[in-house]
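Same order as they appear, the protein sequences are chains A and B. If you count by the working numbering, then the first sequence holds residues 647 to 942, one letter each, in order. If you count by the working numbering, then the second sequence holds residues 2 to 270, one letter each, in order.
Source of the hints: derived by calculation from the structure; they are not laboratory data. Backbone N, C-alpha and C define an ideal beta-carbon position, used for all residues, glycine too. Take every hint as true, because none was put in to throw you off.
Ranges of calculated distance between the beta carbons of each label pair, as one might list FRET restraints:
1. B/Lys198 <-> A/Asn917: 38 to 48 Å
2. A/His899 <-> B/Asp59: 46 to 56 Å
3. B/His165 <-> A/Leu942: 53 to 63 Å
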Amino acid sequence: MRGDFFKKLHEEMKKNENIFFLMGDTGYNLVEPIFEEFPERTLNVGVAEQNLIGVAAGLCSLGYKPVCYGISNFMIHRCLEQIRNDLCIHDRPVTIVGTSTGLDNGALWATHYIVDDIACVKPFPNMHVYSPSSIESINKIFDEVINLPHPAYVRITKKSFNENKDINQINHFVVENKNSDILVISHGRMTGNSFDASKLSNKISVFAMDKIKPLDENIIKTLSINFKKIVVVEDNFNSGLFNSIAQLLVELHIHNVDVYSISPDESYGDNIGDTSYLDNIHGLTPEKINNFINKL
Amino acid sequence: MGNNGEFEEKFMNNKIRKTILEIIHNGGASHVASALSLVEILDTVFKNCEIIKIKNADIDRDRVILSKGHGTSALYATMFHYGLISNEELQTYFINGSVLSGHTSHHVPFVEHSTGALGHGLPVGVGMAIGLRSRNLNSKVYVIVGDGELHEGSNWEAIMFAGHEKLKNLVVLVDCNELSQVGRIEECCSIEPLESKFRSFNFEVFDIDGHDEKKIDQAIKKSTGMELPRAILCRTIKGKGISFMEGNNLWHYKSPQGEDYEKALSELS
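One chain only, chain A, in its complex shape (with noise of 0.2 Å):
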């Protein structure tokens, strides 16, 4: 979905002059259009991501709406300290676009795939997390991070999931099943894989929580009355939505509905896969999920 995101952005530099975009050298063959036509809000700062995030936060100081884009691993990991004292204590309008997220680059290991970021910028204060799980999600999650006046992180997978139709809201139904009580909530890439799913039963909905900080209560107060049971499935550690959905719950005291999670093991693992290889390994694959519902 990188292609869908340069193509929005590029749309977006053309009417918004504040935009800026910077990166730490990545993006061959998708960065070159906007370099090219908007020489002054663009930069490659090189493979540096501690100056990256630093030289972001001082653009805002001129009225900048930077975006930043990298491989998530080292936009999050490499410059967590960066991210929490120059965007988020200062609440600076920053945007970080983070490729190859999850499991996407399992053939590179646990040093290039990335399962732990959602944990990490989650307790930011001021830091919203978005996860698009569509092409048309993108585009939802861009309009918005555009004009938010606060750090945003977008993780954005290299998988392509496009549901075809017209979305009115960045938290949605891609599967509305009116028979079923189960609902799948997911993310990112797994929400490809959850609709999958749904296709081998007419057991489930699907639900695609994209924004996932802040959590919308509302939400989750509505699928809790509506479903018996919520699978949140994710390329991430059990830390990320999973954790964010169950403390929710907690907080507004609603049992009534029982809160499962998909998730890979809290472990990078020994071994390297293609993204079908470790989605079966981790249960995240559309066969898996169905039979996880199955037992339910």
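Starting from the structure of chain A, add chain B where the hints point.
Positioned in the frame of chain A, the structure of chain B alone reads:
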């Protein structure tokens, strides 16, 4: 500058040093020696800024970032003497409920960036300098870093990029007081030779006495025709101005109280 100017300068610096001592003493705070080495640097930097533009938050204002945030009492004291902080606000330094924290906070009006975690000010300053250039504004960005702070790798990412971008509107002033928290920087992890390091990163470099305002001012203003960022290596003494604090790392943390405070004040009269 004539004798009269030098007298006024020393008088001002003494006033700033007294203010530093006073607020650190009243708040029971630390880092007095780290602040005292900064006085002439900060005073000269603010002299070179259009204060009215800072007060108005004009987009074309000069920007000052004290990256070695533990020297913040010197920043607040200097800002007070330039009319950017009221006496009432200043006297809350390090007191419960105050926004004048022990490390620099942007919640204090006219402070550009919160620092204290080292290695943050320079990347942010580089971003400001790029932003000013992109907006076709001629103002400057002054970033003051500690010599010990230059151990942080993020500084060198920013220095490399500033040199590459030829950010002539960026002035980096290094408070070279030769001491970090535990001891001498040379004994811990040498950062010298700083002059050739900065030069190799495409900076113009001035190596001067950091307690001589005239030399700091010349280094800021000197027209060399080179379109490069500028590094001013200010050779300073940690604890400058108070005989028993000079070069003594005990005063990195120790708060001047009782007889120590009275003796320190008397040395500035």
